[in-house]
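A.B. asks: Next come the chains, spelled out residue by residue.
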Amino acid sequence: MGKDNKVTNNSKKHTAKGPNQKLRQRTAILIMLILIAGFGAAVLRLSFLTLVQGSELQERAVDQQLADTTVSAKRGSIYDKNGKILAESASVWQVVLAPINFKTDEQRQACAKGLAEILDLEYEDVLEKTQQQNYYSVVKRKIEADKRDEILKFIDKMADDYKCTGVISLLDDYKRYYPQNDLASCVIGFTGSDDQGLEGVEYKYDDYLAGTSGRIITARNARGTDMPFQYEQNVDAEDGNNIYLTIDATVQSICEKYMKQGIIENNVLNRGVCIAMDVNTGAIIAMVTVDGYNLNDPYTLSQKDIDEIRTLPKDKQAEAESAALSAMWRNKAISDTYMPGSVFKICTSSMALEENLVDDNTTFFCSGSVTLPGVTNPINCHDHAGHGTQTFVQAICNSCNPAFIQIGKMLGADKFRQYYQGFGFSEKTGIDLPGEAEDNFWPGEMKEVDLAVASFGQNFSITPIQMITACAAVVNGGNVLQPYVVSKITDSDGNVIKNVEKKVKRQVISKETSDKMNEILAYNTATAGATAGYIPGYKIGGKTGTSEKIGVVKPESIFPEDYIASFCGYAPADNPQIAMLVFFDTPSGDVYYGSQVAAPAFINIMSEVLPYLEVKTEYTESELEYVDASAGDYIGLSSADAEKAAKNDGFTVTVKGKGDKVISQIPTVSSKVQNGGNIVLYTDDTSASETVTVPNLIGYTPSEVNNVASAYGLNVSFSGATTAQGISTAQDISEGTSVSPGTVITVSFNSSSSTLND
Amino acid sequence: MAPYKKMMLKADINRIYDDEYIDSQKAKKEKFFVRPSRQRKMKKPGWFSVGMGIDLPFCIIILVLLTIGTIMMFSASYAFSYYTTGDSYHYLFRQLLFIGLGLIAMIFMSFFNYNKFHKIAPLVLGVSYICLVLVLMLPAGDGGVKRWIPLGIFNLQPSEIAKFSIILFFAHWSSKYYNKMQFARYSVLPGLVVFGTTALLLYFEPHYSGIVIIGILTVLMLYIGGMKAKYLLIGFVGLAGIVLLLAVTGGLSYAMSRMDGWGQALQSVRGDDLWDATWQTRNSLYAIGSGGLWGLGLGQSRQKYLYLPEPQNDFIFAIVVEELGLIGAMLILIIFALLVWRGITLSLRAKDKFGKMLGIGLTSQIGIQVVLNILVITDWLPNTGISLPFFSYGGSSLIMLLAQMGIVLSISRTANIERQ
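Note that the protein sequences, when read in sequence, are chains A and B.
Mapping of the first sequence onto our numbering: residues 1 to 758, in sequence order.
Mapping of the second sequence onto our numbering: residues 1 to 420, in sequence order.
Be aware that one or more of the hints could be misleading.
What the hints assert, rightly or not - Derived DSS-like pairs: lysine-lysine, alpha-carbon spacing no greater than 30 Å straight-line:
(1) Lys616/A - Lys511/A
(2) Lys142/A - Lys163/A
(3) Lys84/A - Lys257/A
(4) Lys22/A - Lys228/B
(5) Lys415/A - Lys503/A
(6) Lys22/A - Lys116/B
(7) Lys415/A - Lys516/A
(8) Lys505/A - Lys409/A
(9) Lys140/A - Lys129/A
(10) Lys22/A - Lys119/B
(11) Lys84/A - Lys502/A
(12) Lys616/A - Lys672/A
(13) Lys672/A - Lys658/A
(14) Lys22/A - Lys180/B
(15) Lys488/A - Lys428/A
(16) Lys616/A - Lys257/A
(17) Lys230/B - Lys22/A
(18) Lys176/B - Lys22/A
No wet-lab data here; the hints were simulated from the structure.
Generate coordinates for the entire structure from the input sequences, incorporating the hints supplied.
C.D. replies: Written out as C-alpha cells, the structure reads:
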C-alpha cells in the first residue's frame, strides 16, 4: 500500500492542475500528434507525389492507359529521270495478337494452330506468343493480300467456333519493292525490316522518303478494351516524299549490260565501275558498280561468294558472310579509291596549258625511260623503245610518261598540288550518296619522284567520282561541279518540294584551256581509233588509263602486278554533254590495258547511249561507208515502184518471184542495213524458200566484210568501233547457217591491232 | 446557445457516481452550475437525451464529409462497378442504402444516453469477442481471409466492432479506475490482456491492419486515461522487439507477403516477382501523380478504369487526388482535421471522464485511420487494408462509423445541455 500512497501523493502534487488538466494536456499532445505529425506527413507525401514526382508518374500512367497504335507511313517512291519506278512501297499487313484477351488454353491452341498454318510458322512459336500477357505481339510482318484474306476468315472462325474476339488484328504495313531488281543497286540502296533506308539513296534521303508515322491513340482500360468515354486521338500518317533521280534507267541498263559483259570477257576479279555524268550540271546519268545485287533480296550473296564462304572453317563463316555482304553493297564508284593512272594526264595537261607552260610547239623527248635522282630503278615508258621527240599533243596521244614527268617538273609541286585541290581531288565531291571516300595524297612535301609519278596518275589514289568530276571540269569550260543523283523531290501529291540545281564549286581552268583540251582529246580518239574510244559519227574525246595497283596483294591475278584498266571519255567533243568513266579493277583475262579492257566497254555503251540521248551524228566521208541505214517499207508496192523506192533510199535491189506486188522483204522494215546494202523483195511465196549459206566474216576489215557479204547477197551491220583499219572479231549468225538472201548479219569490230597508248 | 436556453435541463445522475466528475464539479461549481439546487431535483436521466443540443459544426462537418465521400465513391467506383457487375450504380446505390442506415444509427445514437455504455462496456467487449470468434468459424471469403460475417444486405466486419468496443472498454475502465491508472496492473495489464486477445483473434482472420489500429487505439486510450508515460515508452520498445522477432521467425508470412514490395512499387518492372504484388500500390501512385496540383477534374480519373483494383475501397483517396488534385485533397484533409479538432474539443467539454475519453477515442480513431490510409496509398506504409472513413465503400464500417459519430454527437448534446 505504501507504493499506492506514494503514487497518490504524487498525484496530489498535480492536484493543482487536477486529473482533468492531465487529460487535457495529453489530449493536446494527441491532437498535435494526429493533426501535425500525422496529417502533416500525409500532406507532405501527397505534395511530393503530385508536385515533384507528378509528371513522371503521370507519364507512366498515360503509358499504360493509352494504347498507341502506330500507323505506318507509306515510304516515298524513287523514280528515274523519266519517271520510271525504281523503288516503291506496296500495302501489306502485319498480324498482331493481343494475347491477354485469350480466355482459355483451348482458344490459344486453336489460334496458334490456325495462324501457324496460314502464315507458315512453327506452331510452338505462335503458341508461345499466345501465352504472353500483353496487348501487342507481332506474329508476322509484311503479309500480302491473299494471306490477309485467309487471316480475316480465320478471325471470323475464331469468333464463331471459340467465342474468341479481340485477339487477332491486322495492321497496315508497307513493303518495299524494286521493280528493276538489281538496276542501279548501288545508287538506290535498300531498306531494312522497319522500312528504314540502309544504303544508297534510300539511306541518304531516308528523312524525305520515310514520311511520318501516324498514331491512333485510344484510352484503354486495364483489360485493353476502350474506355467507355471517348478518348481517341488520330494523327494521320504522312506519306513520304517521292524522289526523282538524275539516273536514266535506260542509260543505266545499257551501262550495266556492257559492264557485265566486260567483267566476264576480261575475267575482272574486283568489280567494275561506270559513271556517266552530265558534264554541264554534274547530274549523274548512270552509276554502275558491277556486279550489283538484287535490291529485293539484298542479303543473298552471289553463288561464287557462297561457295567461297563454304570452304572456310565454320566459326569464320558468319564473319566472312557479313564482310562479303558489305563488299557487295559497297558503291565502288564513290567508296573506293584507285590510282587514276594515265586518265589523270587530262588534268596534268590542263594544268600545263592553263599555266601557259606548253603550246603546240613545245616538244618533249622520250628515250623509253627516265632515271630520277635518288631512285634506283628508272621509270619506264610503256613504249620501251621510246617515243622520241614529240609535240605536246603527240605526248598526250602517246600517253608518254617521260613527257609527263617533264610537264610535272615544269609545273612544280606547289602548282601541281594547287590544281590537284582545284580539281576537287582533295575534298569529297559532296555527291548525295552515303559512304564517299576521301583521296589519298602526299600529306606533306612532294619529292621529285612523287611529282614525277603523280604527273601520270600514279602513287596517289582518288575515287572514281572525283575523277569524272575533274574530267567534266576539264571539258565543260573549267567548272568543278558538285555531282548529284537526286534531281527533285516531290511530296506524295506531286508538289515539288525541292529542286536540285547544279552547283558550281569553282572554275579551275579557263574556257580557252578547256576548249584546247577538247580539241586535243578528240584528236586523240580520232587518231588512236577504237583503243581510245572512237565511235563513227560522233566526236568523242577521251583518255585511257592503266594503273598499277601498288601494294595491293589480293585478289591474285595472272599478271605480275594487278592493274586497273580505265577509260574516261565524253561526247560530243565540240559541245560536251555526257562524260563517262569506265574502269575495271584487276582484269585477269588475256589483256589488261585500259585501251583493251575499258575502251571497248566505253564504245559499246556510248554506241547505244548517244543515239538514245539523241546526240547528233556527223559522219565523215570515210565513216559513211560503214554507217547503217534503215530498210524502208516496200511491202504492198508494185515490184517496179518498190525497186525505185529502195534505190532512192540508197540500197541495191534484188527482186525475186513472179508476182506483181511485193509481199515480203529482207531485211525487214526498219532493220539496220549498211549504206548501199542489198534489199531482197519477194513477190510470191515460192521464192521466199530460197536460202544462202552464211560465210565466215571474221578476220576482215570492214570493206572486206562488205565485199564478202554482198557476194553472198547478204547484208551486214557493223557494231563496235568501225574504222578502216579495224578487224572484225565476231558475227552474230555463225558461218554455215542457212538464211534468206538479204539477211542482216551483225559483225563486231572490237579492239584493233593499233598501238596501246597507255 | 440562445435557442437552447429554454431546453429542459437534466442532471446526469451518472455523474454522481463519477468521482472525477464530482472533483471537477467542486472545482468549477460556480462557473457551470447556475442553479445547482434545481438540477438536483431533476429526475434520474432516461435512456435518451432529448432536445437539439448536438454540436452543430461537428454535425455539419460529418455531413459535408459524407457528401463529398459519397460523390467520390461513386466517381471512383462506377467504372469498376460497370465492368464487374454490369451496373455503374451498383456501389452507389448500396452505399446510399448504408448511408441511410448509418444516418438512422447516427441520429439514434445522438439521442442515446452514451452513459449507458459505461455500464455495458464490458458486455460490448464480450460481444466483440464473440463476433471475432464467430467469424473464424465461418468459411473464408475472398483471398482466403475470414473478416466478414455475412448479414444479408451487408457484411459485418467484427474488427469494426472490436475497434469500437476497445475504445469503449478503456473509456469505461480508465474512468472507473481513474485514480489507479498510474499502476501498471490497472493500465498496462488490462491493456495487454484486451489488446492481446483481440489481436490474437484478428491474427487468425488475418487482419493485420486491424491489429495495428487496435494497438494504437489501446495505447491512445490508456495514455489519455492516465497511464504512466514510461510504460508507453517500454511498450514501444517491446513492440519493436516483438515485430523484429516475428519478422525473424517468419510468423508474419501473410503480412510479409502483403509488405513484399513495400516501397518497391515504382522500381518493379513488368514480369518481375513484385509486379503483381505492387500492382495496386503502383497504380495508386500513378493516380496520385496524374492528379498534380489541380487534378484531372471530377469524374476524369483514368486509373479507375481497372488499373487501380477496387478503387472504391481502401485506395479511393488515390482517385480523389487524381481527379481533384493536391488542392482538392488538402481541402478534404482540412475538413478531416476540423472534424478531429472539433470532435476532441467538444468531447473535452463533457463533464465526465467517460464521455471525454469515449469522444476523444472515437474521434481520434478517424484521424488515425485517415493518416494511415494516406500513408498506405502513398506507399509509405505496407498495403494492409485500412479504409478511409466517409469515403471507402463498405456497409459495416460506414454504419459503425456513423453510429460512433452519433455517440460523439450525444456527448456534445449532453455537454451542451449542461452548459445551459
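A.B. asks: All the hints need checking, so say for each whether the structure fits it.
C.D. replies: Structure-based check of all given hints:
| no. | hint | result |
| --- | --- | --- |
| 1 | Lys616/A - Lys511/A | holds, 23 Å |
| 2 | Lys142/A - Lys163/A | holds, 27 Å |
| 3 | Lys84/A - Lys257/A | holds, 18 Å |
| 4 | Lys22/A - Lys228/B | holds, 11 Å |
| 5 | Lys415/A - Lys503/A | holds, 25 Å |
| 6 | Lys22/A - Lys116/B | holds, 25 Å |
| 7 | Lys415/A - Lys516/A | holds, 20 Å |
| 8 | Lys505/A - Lys409/A | holds, 28 Å |
| 9 | Lys140/A - Lys129/A | holds, 11 Å |
| 10 | Lys22/A - Lys119/B | holds, 24 Å |
| 11 | Lys84/A - Lys502/A | holds, 22 Å |
| 12 | Lys616/A - Lys672/A | holds, 18 Å |
| 13 | Lys672/A - Lys658/A | holds, 27 Å |
| 14 | Lys22/A - Lys180/B | holds, 14 Å |
| 15 | Lys488/A - Lys428/A | holds, 22 Å |
| 16 | Lys616/A - Lys257/A | holds, 23 Å |
| 17 | Lys230/B - Lys22/A | holds, 15 Å |
| 18 | Lys176/B - Lys22/A | holds, 16 Å |
Violated hints: none; the structure is consistent with every hint.
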